[in-house]
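*Asks:* Chain A is already provided as a structure; the job is to place chain B on it using the hints.
Number of protein chains: 2
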Amino acid sequence: MALVVQKYGGSSLATPDLIKKVASKALARHKKGDQVVVVASAMKGVTDSLINTALEITDLPTLREYDSMLSTGEQVSTALLAIAINSLGGNARSMLSFQVPIHTNSAFKDARIEKIETKNIKRLLKEGNIVIVAGFQGIDHDNNITTLGRGGSDTSAVALAAALNADVIEICSDVDGIYTTDPHIVEKARRLDKISYEEVLELSSLGAKVLQIRAVEMAMKHEVPVLCLSTFSPTGGTLVTKGDMQMEQITVSGVALDKNESKVTIINVPDKPGVAAKLFKPLSDANISVDMIIQNVSEAGYTDISFTVRKEDLARAKRLARDAAENLGAKGVVTDDKVVKVSVVGLGMRSHAGVASRMFEALSSGNVNIQMISTSEIKVSCVVDKKYGELAVRLLHDEFELHKKPGSRKAPKKTAKKAGVSSKKTAAKKASGTKKK
Amino acid sequence: MALVVQKYGGSSLATPDLIKKVASKALARHKKGDQVVVVASAMKGVTDSLINTALEITDLPTLREYDSMLSTGEQVSTALLAIAINSLGGNARSMLSFQVPIHTNSAFKDARIEKIETKNIKRLLKEGNIVIVAGFQGIDHDNNITTLGRGGSDTSAVALAAALNADVIEICSDVDGIYTTDPHIVEKARRLDKISYEEVLELSSLGAKVLQIRAVEMAMKHEVPVLCLSTFSPTGGTLVTKGDMQMEQITVSGVALDKNESKVTIINVPDKPGVAAKLFKPLSDANISVDMIIQNVSEAGYTDISFTVRKEDLARAKRLARDAAENLGAKGVVTDDKVVKVSVVGLGMRSHAGVASRMFEALSSGNVNIQMISTSEIKVSCVVDKKYGELAVRLLHDEFELHKKPGSRKAPKKTAKKAGVSSKKTAAKKASGTKKK
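So the sequences go chain by chain: A and B. So that you can map any letter, position 84 of the first sequence is 151 in the working numbering, and since no number is skipped, the others follow by simple counting. So that you can map any letter, position 253 of the second sequence is 320 in the working numbering, and since no number is skipped, the others follow by simple counting.
For reference, chain A alone in the conformation it holds in the complex:
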């Protein structure tokens, strides 16, 4: 008898009919002899509709109230799912965050789970119930309802699985796993059977929207294996787990395209200590998340600093960067929101040089100009002109033969090795060179 946590996304629960199907699925699992905890998202569209209603009243809703309102989406779907399971002859009970309870801090709209009490859930499971837990929500120390941020139901599910010491967690959605890249861009994109937490983290943060990034972090921390699969298709699925020897041999797992980046460059900043701090402190104070940061080598005591921010933060970032530029005695600020970020991700990069150079080569073969480069242990990202984004993904998917299983790929081209990149610093230099031509 295994303890299974199943999480269902909003599109799997979009209509009463779909809810009945999900109910059958959970019930079938329970009848097989497993203990089943289900985490439900809100029915598709409900959360957005609630947000729009609040925004019709004011642009700046009180966050405590906003969370109390938003949490009703999951309250409805969990009750409906329990009703559906019971109508099929099962025994199901919905549980809201105050009933579990799921304790969080008081950071409304983006709360962190602090502790999950498991006594009530365990008792209900023991009594033969399927327990349906409302995802996305918690309660703080004053009994206020909190929410965990967009996509927070994934986090709820992983946290519950960790707290309950579940044998497996299944994230059920309308896609049947994690792919080497977006199948809408590259038809040959291949579903991965297995991928490491670290790689998924890079893919999530790069916009692949596979799993909420915090859920992956939590799964990694507690070493909970996560199976991502389709709600209504019996086959497929990708297991997200810790990196193992087999995966070490894989050079590149996937290619990600992030369309939500925009670029800010501060020109001719006097090159002296403390400059970066003066620039980025105001951005951080304004809660603007900065992704890539590139500082060029200094020429005659001046340097250019470029960074990327999410598109929705560009206007504010530009204002703050202008203020900073003035204070620092820089020449000015230019911005560009017609850019995208293309990344190749792979655990194997840790021990395989040459991935970056093969990437640059492939982009160059398609005449895609690289504007910025950044590298980490398991990814290489390039900022390119928006209009070349999808072309870049296709070139890279081909270059690394991601449509084939790792064992059957051919060796990298010899020429690529010459351009091997070994450190961030070199990459930064190269980036500046590319940008200036």
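Among the clues, some could well be false.
Claimed, not checked - Listed below are the simulated SDA-like cross-link pairs for lysine to any residue, each with C-alpha atoms no more than 25 Å apart in a straight line:
#  : chain 1 : residue 1 : chain 2 : residue 2
1  : B       : Lys87     : A       : Lys471
2  : A       : Lys186    : B       : Val342
3  : A       : Lys326    : A       : Ser240
4  : A       : Lys176    : B       : Ser173
5  : A       : Lys378    : A       : Glu366
6  : A       : Lys189    : A       : Pro168
7  : A       : Lys378    : A       : Asp403
8  : B       : Lys88     : A       : Lys454
9  : B       : Lys88     : B       : Asn158
10 : A       : Lys111    : A       : Arg96
11 : B       : Lys186    : A       : Ser173
12 : B       : Lys98     : A       : Leu127
13 : B       : Lys111    : A       : Asn119
14 : A       : Lys186    : B       : Leu130
15 : B       : Lys176    : A       : Asn158
16 : B       : Lys111    : B       : Phe175
17 : B       : Lys193    : A       : Asn119
18 : A       : Lys398    : A       : Met359
19 : B       : Lys189    : A       : Ser173
20 : A       : Lys111    : A       : Leu130
21 : B       : Lys182    : A       : Pro168
22 : B       : Lys87     : A       : Ser441
23 : A       : Lys182    : B       : Lys193
24 : A       : Lys98     : B       : Leu130
25 : B       : Lys471    : B       : Pro168
26 : B       : Lys472    : B       : Pro168
27 : A       : Lys309    : A       : Arg258
28 : B       : Lys186    : A       : Leu130
29 : A       : Lys88     : A       : Val235
30 : A       : Lys111    : B       : Lys111
31 : B       : Lys186    : A       : Pro168
32 : B       : Lys87     : A       : Thr120
33 : A       : Lys472    : A       : Glu254
34 : B       : Lys87     : A       : Asp115
35 : A       : Lys111    : B       : Gly112
36 : A       : Lys454    : A       : Ser173
37 : A       : Lys348    : A       : Val401
These are calculated hints, taken from the structure and not from any lab test. Remember, predicted model here, so these are calculated numbers, not experimental data.
*Replies:* Structure of chain B alone, referenced to chain A:
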């Protein structure tokens, strides 16, 4: 500084714009120096839409889950109202039943309030907040969410006012008070400035839909005066309070029309002890609420028994009555759903004979045949053919000159006195007589 409880109905909160208007109203009251507790219903249409979704899954939803789902309507409206008040510069906090807490028994879908803890609300009021409490909901001893039955927000408001020892409770809706009858039927219908709890109880149960009957009972028990008024009109209003000397002089306060009655008659029941019990026990076991019961005088050892039930219960009631008729050796069962009940209500009837006879006379003057009669201390009801319902209301409104203030009405016609009815028994006899012609 007064402590005011304001309750807003669903049509006053139907859109974000209306919510903003209600917010201004509550805020204005708070700025006048009063402590304000607001009880909000769900936005109009929301509860019905939730019910329909559940019914798409099954005809018999688990009641615990049904209540958890239904309670979200008020959770959303309270949060939105708090958001609106805060956006106008006020300080508002929504409170759900588990946050207050409002304790009920575990009768899901129709729970009774057992206790309201006031510590949290009082603290928030003291800190200068407008407290917005979700109506219609409570929690039971196991932390399950319960609901108080349709229109339960009125009950929440009255219970809160009683627990908080409020100075006044205002029930704000889209009508500006309680009328002598439905103004859609009688154009001259007059708004009452004041009415007793007892009269409203009769009017509510007769279908006037003024206030939820349990709310009135609770207000009467705790002697909380209830002011019914229009949300968006500054004038008008009807105060519901205990009957006083002034009201004793009023003979008739209002005329009510209930279109949701249907009639069941069991013919030729052997007239012996225990017959009524054998008939009505199964109905009560099936949770069918029986309104009027008329047993005719016995003729040669046989009697006819008629009763009325809500239209939605007629099919079940008919089945049960047939079973009972068979067991009792009765001749058969006939039903009629083309009937309505017309009632005149007035505290003054207690001490004024002649109201019933004036009623019969007036109906007779319009050729309206009376099928059943029942009387209480403060009302007389007649079942008549559906097609005469509105005519009957107009005839009675005219006869008792309800469009005029009580002091300016002319004395009843002399002829009416002859037909004076003094007890239920006589009325029942009369009913049977009338029916048989």
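*Asks:* Work down the list of hints and note, for each, if the structure agrees.
*Replies:* Now the hints, each set against the structure:
no., hint, in the structure
1, Lys87(B) to Lys471(A), "violated (59 Å)"
2, Lys186(A) to Val342(B), "violated (53 Å)"
3, Lys326(A) to Ser240(A), "holds (23 Å)"
4, Lys176(A) to Ser173(B), "violated (32 Å)"
5, Lys378(A) to Glu366(A), "violated (30 Å)"
6, Lys189(A) to Pro168(A), "holds (12 Å)"
7, Lys378(A) to Asp403(A), "holds (10 Å)"
8, Lys88(B) to Lys454(A), "violated (48 Å)"
9, Lys88(B) to Asn158(B), "holds (16 Å)"
10, Lys111(A) to Arg96(A), "holds (24 Å)"
11, Lys186(B) to Ser173(A), "holds (22 Å)"
12, Lys98(B) to Leu127(A), "holds (22 Å)"
13, Lys111(B) to Asn119(A), "holds (17 Å)"
14, Lys186(A) to Leu130(B), "holds (24 Å)"
15, Lys176(B) to Asn158(A), "holds (19 Å)"
16, Lys111(B) to Phe175(B), "holds (22 Å)"
17, Lys193(B) to Asn119(A), "violated (33 Å)"
18, Lys398(A) to Met359(A), "holds (21 Å)"
19, Lys189(B) to Ser173(A), "holds (22 Å)"
20, Lys111(A) to Leu130(A), "holds (22 Å)"
21, Lys182(B) to Pro168(A), "holds (23 Å)"
22, Lys87(B) to Ser441(A), "violated (49 Å)"
23, Lys182(A) to Lys193(B), "violated (32 Å)"
24, Lys98(A) to Leu130(B), "holds (24 Å)"
25, Lys471(B) to Pro168(B), "violated (46 Å)"
26, Lys472(B) to Pro168(B), "violated (44 Å)"
27, Lys309(A) to Arg258(A), "holds (18 Å)"
28, Lys186(B) to Leu130(A), "holds (24 Å)"
29, Lys88(A) to Val235(A), "holds (21 Å)"
30, Lys111(A) to Lys111(B), "holds (22 Å)"
31, Lys186(B) to Pro168(A), "holds (22 Å)"
32, Lys87(B) to Thr120(A), "holds (12 Å)"
33, Lys472(A) to Glu254(A), "holds (16 Å)"
34, Lys87(B) to Asp115(A), "holds (20 Å)"
35, Lys111(A) to Gly112(B), "holds (20 Å)"
36, Lys454(A) to Ser173(A), "violated (42 Å)"
37, Lys348(A) to Val401(A), "holds (19 Å)"
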